[in-house]
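Read off the chains here:
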Amino acid sequence: MAYNLKEVMTTKPSRFTAGHRMCAGCGAPASARMVLRALKPEDQAVVCCATGCMEVSTFMYPYTSWTDSFIHTAFECAAATESGVEAAYRSLKKQGKLPEDQVTKFITFGGDGGTYDIGLQSLSGAMERGHDMTYVCYDNGAYMNTGIQRSSATPKFADTTTTPAGKVIPGKMQSRKDLTKVMVGHHLPYVAQTVALNNFKDLYEKAEKAIYTEGPTFLNVMAPCPRGWGYNTEDLMEINKLAVETCYWPLYEVIDGKYVINYKPKNKLPIEEFLKPQKRFKHMFKPGNEWMIKEFQDEVDKRWQELLDLEEMTNKAESAE
Amino acid sequence: MSIRERLSGNEAVATAMKQINPDVVAAFPITPSTEIPQYFSTFVSNGQVDTEFVAVESEHSAMSATIGAEAAGSRAMTATSANGLSLMWEMIYIASSLRLPIVMSLVNRAVSGPLNIHNDHSDAMGVRDAGWIMLFSENNQEAYDNILMAHRIAEHKDVLLPLMVCQDGFITSHSIENIELLEDNKVKEFVGKYKPEHYLLNKNEQMAVGPLDLQGFLFEHKFQQAEAMRNAKRVIEEVSVEFEKLTGRKYNFFEEYKMDDAEYVVVCMNSTAGTAKYTVDELRAKGVKAGLLKVRMFRPFPAEEIAEALSKSSIKSVAVLDKSDSLNAAGGALYEDITSAMYVNKKSVPVVSYVYGIGGRDTTSDQIESVFKDLQKIDKDDKVADPYRYLGLRK
Numbered sequence: 001m002a003y004n005l006k007e008v009m010t011t012k013p014s015r016f017t018a019g020h021r022m023c024a025g026c027g028a029p030a031s032a033r034m035v036l037r038a039l040k041p042e043d044q045a046v047v048c049c050a051t052g053c054m055e056v057s058t059f060m061y062p063y064t065s066w067t068d069s070f071i072h073t074a075f076e077c078a079a080a081t082e083s084g085v086e087a088a089y090r091s092l093k094k095q096g097k098l099p100e101d102q103v104t105k106f107i108t109f110g111g112d113g114g115t116y117d118i119g120l121q122s123l124s125g126a127m128e129r130g131h132d133m134t135y136v137c138y139d140n141g142a143y144m145n146t147g148i149q150r151s152s153a154t155p156k157f158a159d160t161t162t163t164p165a166g167k168v169i170p171g172k173m174q175s176r177k178d179l180t181k182v183m184v185g186h187h188l189p190y191v192a193q194t195v196a197l198n199n200f201k202d203l204y205e206k207a208e209k210a211i212y213t214e215g216p217t218f219l220n221v222m223a224p225c226p227r228g229w230g231y232n233t234e235d236l237m238e239i240n241k242l243a244v245e246t247c248y249w250p251l252y253e254v255i256d257g258k259y260v261i262n263y264k265p266k267n268k269l270p271i272e273e274f275l276k277p278q279k280r281f282k283h284m285f286k287p288g289n290e291w292m293i294k295e296f297q298d299e300v301d302k303r304w305q306e307l308l309d310l311e312e313m314t315n316k317a318e319s320a321e
Numbered sequence: 322m323s324i325r326e327r328l329s330g331n332e333a334v335a336t337a338m339k340q341i342n343p344d345v346v347a348a349f350p351i352t353p354s355t356e357i358p359q360y361f362s363t364f365v366s367n368g369q370v371d372t373e374f375v376a377v378e379s380e381h382s383a384m385s386a387t388i389g390a391e392a393a394g395s396r397a398m399t400a401t402s403a404n405g406l407s408l409m410w411e412m413i414y415i416a417s418s419l420r421l422p423i424v425m426s427l428v429n430r431a432v433s434g435p436l437n438i439h440n441d442h443s444d445a446m447g448v449r450d451a452g453w454i455m456l457f458s459e460n461n462q463e464a465y466d467n468i469l470m471a472h473r474i475a476e477h478k479d480v481l482l483p484l485m486v487c488q489d490g491f492i493t494s495h496s497i498e499n500i501e502l503l504e505d506n507k508v509k510e511f512v513g514k515y516k517p518e519h520y521l522l523n524k525n526e527q528m529a530v531g532p533l534d535l536q537g538f539l540f541e542h543k544f545q546q547a548e549a550m551r552n553a554k555r556v557i558e559e560v561s562v563e564f565e566k567l568t569g570r571k572y573n574f575f576e577e578y579k580m581d582d583a584e585y586v587v588v589c590m591n592s593t594a595g596t597a598k599y600t601v602d603e604l605r606a607k608g609v610k611a612g613l614l615k616v617r618m619f620r621p622f623p624a625e626e627i628a629e630a631l632s633k634s635s636i637k638s639v640a641v642l643d644k645s646d647s648l649n650a651a652g653g654a655l656y657e658d659i660t661s662a663m664y665v666n667k668k669s670v671p672v673v674s675y676v677y678g679i680g681g682r683d684t685t686s687d688q689i690e691s692v693f694k695d696l697q698k699i700d701k702d703d704k705v706a707d708p709y710r711y712l713g714l715r716k
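Line by line, the protein sequences are chains H and B.
Sequential numbering of the first sequence, starting at 1, is according to my numbering.
Sequential numbering of the second sequence, starting at 322, is according to my numbering.
Hints were generated in silico from the structure; no laboratory data involved.
Among the hints, a few may not be true.
Unchecked claim - Derived DEER-like restraints, expressed as beta-carbon distance ranges:
(1) H/185 to B/555: 52 to 60 Å
(2) H/233 to B/558: 54 to 62 Å
(3) B/367 to H/308: 28 to 36 Å
As the list claims (entries may be wrong) - Computed cross-link-like contacts, SDA-like style, restricted to lysine to any residue with a CA-CA straight-line distance of at most 25 Å:
(4) H/177 to H/94
(5) B/516 to H/99
(6) H/94 to B/603
(7) H/97 to B/552
(8) H/97 to B/525
Stated by the list, open to error - Derived coverage of chain B by chain H (criterion: at least 3 residues anywhere in the stretch with Cβ under 8 Å from a Cβ of chain H; other residues may be distant):
(9) 519-531
(10) 534-542
(11) 697-711
Don't be surprised by glycine CBs; every beta carbon is placed ideally from N, CA and C.
Bound-form chain B, shown alone (with noise of 0.2 Å):
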């Protein structure tokens, strides 16, 4: 029997890691994950964990200690946002690059400047070439989920990769709400104990981790990585099936909502998928055929099975949302993702970028109806006259 609980986010998160007991978790407090470090401390401070709680002096040691540990041999964790994230970013590739599987926990908060604390996405999206697998979960229950399926992922022999599971900073992290968590020894024969084949701790092998790697060797070195990176499609889907046999949630890449017989669709990442469910309902009511596609997956990305799922005959428009601008004069990084696998799989259906949320604003189902009602524009003139847009920016 599952336990029925009411946690944030953040709760959550501390939760998973509880019952997960990592070795070692390094972190430094920044708004809006600052709660998870300070849970989880006090799981240490009572020996509810047999954890190494190591306090570091900034986000560059945590993921400094966090690769340290993982490669001496044990199962490490962190949790970041944003500027925390940023100060991290040279570590983040080395972690990736050293096939370290450390899981993260990143409350998505908007990267300075000027100072944020409230949600968006730029700060997952500054890392989304480092070769991390990045999981985004829609409310608390996802977010706990996803955890609990982190290491089986990152630790798989075909893998080896780091994981960040991303959630919105303040609007799940801060929002109680109903959960359902797995008991601690359901999760910890779940998890699995952790066996490095190759650990620096290991007193018969000796081990030399993070080389000067030149013209001879880089290349092949990073073609593994993306290698890896294909594998994980595969394992997150194995270990997604067996998630479901044990909780009777499913997980796939991404989630369908109302898209069997959908005309007009809108992607987006984490908690908007809430609300735009909500407004789904709403137009359904109406007759509009409103569907929505919540990406899960962000990394590896799911191309193939997008392009596919967004190619139904049904379908006359699409709008994909995303929470942080590239500021590249074209289109939100998700959008981009989206346009080429659609190009590349020669699926064309006209699609519309609309950045939205920056700072913490506010994404109303007002807005998400508007949206809709602009795809049926789309529709209806045939064409995409000005395909980067904003939602919800102060006139």
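This is chain H alone, in the form it adopts within the complex (with noise of 0.2 Å):
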């Protein structure tokens, strides 16, 4: 069945209230609301948060934002708290101590901080035991919630509070890592990079691929932050856009190892347009910076490459058989 954003507004209603405290223009509430909208409207779900702008921003004490049942621990221990919650189950379940009908689906987000930095271990370890579970994560691209400090996601030279763009160090001097690739090192049954675009069909699809695959999964969800980024609140889905078009931020999925690129923009944009509307990136523009823009455009351009390099490999076993 195509997917229609109309029906699956009106068929399952939100798992995520309205109410709660997070940024106009924030791109991780949205995205969250939706992932949990491809839930099956019959199935429960646990849901955790690492410690972050999601968190405290949607469960402040007496109030909770989770139709859903919520646990919160720590910062870099989410994937690890969620997966004794979902070993837990499994316990339950093999004893018969839980409703034979009763399905659970276990659904972990993270912001970046959570995810590539401090909870990176903890996410690899859950992953690689094979819970069977979804890891999100909202990659604003750095510690937002404490105040925009660099985080290993933060794109290269990046204005933050920990790089900031100064007479001699002009940002944040390293490329960002590639999470959803290391994530597919770990050889699990669905990976998935998405984000907020076209009444959110790619996110939904890959939401109810990852929920519905047997096994560890995990999708990144880029989600940008007005107040990180520097952008109009109202411009959140034009920059989902120009990461997407100008392939900043691909869409893509790996399904059992096999790289699927979801969307080759036909014209590919110049980082200028991704990069311009936000003022984290205005120290780039300045005369005599143009050589930061070039390094941007090279990275970008050869992570692209080595992205369709992939999908290629990947696939040609399949079609040589």
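Dock chain one against chain two, each of which comes alone in its own frame, and use the hints as you go.
Structure follows, in structure tokens:
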């Protein structure tokens, strides 16, 4: 059945309610709501959140925005915490201590701080152990909850509060970690990179696949941050679109090791289009800094080509058979 | 009829865990507690338990997964030592604040650094304010018995706090001694089924755990933890009485050994009590009225009861032995707790602190005898000139 946003909205009530305190123009809450909408209405879920914007803004005692059961423990251990919940589910199910018809899914959210950095070990462990859970990283490219400090997901040259663009050092001097590929290296049954775009089609369909693929699955969702990135709140969807059209954030999935690029722009836009509307890259457009844009473009091109190669390589085997 | 066996302390704990048959065990190996998850995973592999064993990648994840599993509505257990507990530290506080009756076996070992794998109590002392019930065990039998009582205490509706059972690394964890085990069915009956009131996997009621809890409510939530800890005293007593009916083995907050007419008293925890009992007997044979107070329940701390026990008119001086240094230039943690308890309860007797056995340094009966000699001198001089001392330190 073809994806239809209106139908999804009407047939699947929101499991992430209004009234939370996330910023206007933030990419995370809309993504989280859509991920949860991918659940079958009759299925239960236990949602786990790493400490971060999403957690502190959605579950401040005594209020919660989550209609499913929810657990938060600390910053670096959302995957481990959820793995314990999932192990309990398997144990209790096996022993007949839960109703036979109960179906519970396990969905964990962490920002790039809680996922790429402090929580990477816990995530890697949980995925390797094969828990039947979906980990969703909402990647806003810095530690936004503590006030925009650099993370390993922060793109090169970005101005953050711990990599300020100064007179000597022009922002962050390292390229970003490619976490999606790190997760592919775990040989998971399903890994995907997505963003809220085109009526959420890509995000929704990938969330559905991730949640309903047995075993550990991983979604990397780019979730822009108006405060950290410096764009106008109403431009969220435009930023998402530019990230994809410039191939800064390619949409792809890796199913049992096979790469599928979901969208290849006919006219790949120059990276300036993505960088320009964001204050964090403002210094790159000063006269004399053209080399920074070139370097950024080269990195994007290199990674995009690598992705095209991987798609070709991982699909070659089958076509040869 | 109970079963006579010969088991190490680690085997005793693993056996108790097998009999309890928890729903989830998540653990990471660390000397000297490694054997517990090892033995236990064998039970899992051979289908002797229904447990899901989660072989996590660190102790931080061990406690995180245990928290997740317990919050989910299952009975979850773990085991660790020293640096493993240090790595868990953040989650230790979260476990108690979420009011999850997790049971952990802590096989005491020196916390780094420098690295040392042998016994002292620096690991346990590092979490003494974390809101966990802490029971100490002299030998394999006590470690086994304390684990069997643990869930009944932790899961009591007036308590709902995590509980750790401590025993001395290598000294008891790896020493094989005689032990009396209960039959499986008796353990099952005594421990009972876990029926949490609220849990994540409840199909009929959603639950949210671990909020951002700011100025408006955190204080009250901490007060509730404090109240639960106070309640735990009563519950520990009740469960111990019931356990005695079942096994004939009596457990109080602390054990008083030859204390009735004792003039000189040593206070300690865990295996050193065994050595101290031997020394007390030796000294008694020589006419010295020596006595021992062995603390079993360190958290909650039985302040009033210990103050009462140490204020018998016969007592002339007391030495508190701490197998961990608080590095506060004042005295060990147990010493500080005991002296404040006595002060608050207006009981006055000279009390001296000895830090001993650090990093697995052997503590001999001769050393404990020297403490009793010191106590006699303190009594004679009627003063404690230097109350913060070391026992068995290289000269």
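Now the hints, each set against the structure:
no.	hint	verdict
1	H/185 to B/555: 52 to 60 Å	holds, 54 Å
2	H/233 to B/558: 54 to 62 Å	holds, 60 Å
3	B/367 to H/308: 28 to 36 Å	violated, 50 Å
4	H/177 to H/94	violated, 39 Å
5	B/516 to H/99	holds, 15 Å
6	H/94 to B/603	violated, 56 Å
7	H/97 to B/552	violated, 30 Å
8	H/97 to B/525	holds, 14 Å
9	519-531	holds (count 9)
10	534-542	holds (count 4)
11	697-711	violated (count 0)
Violated hints, in rising order: 3, 4, 6, 7 and 11; the structure is consistent with all others.
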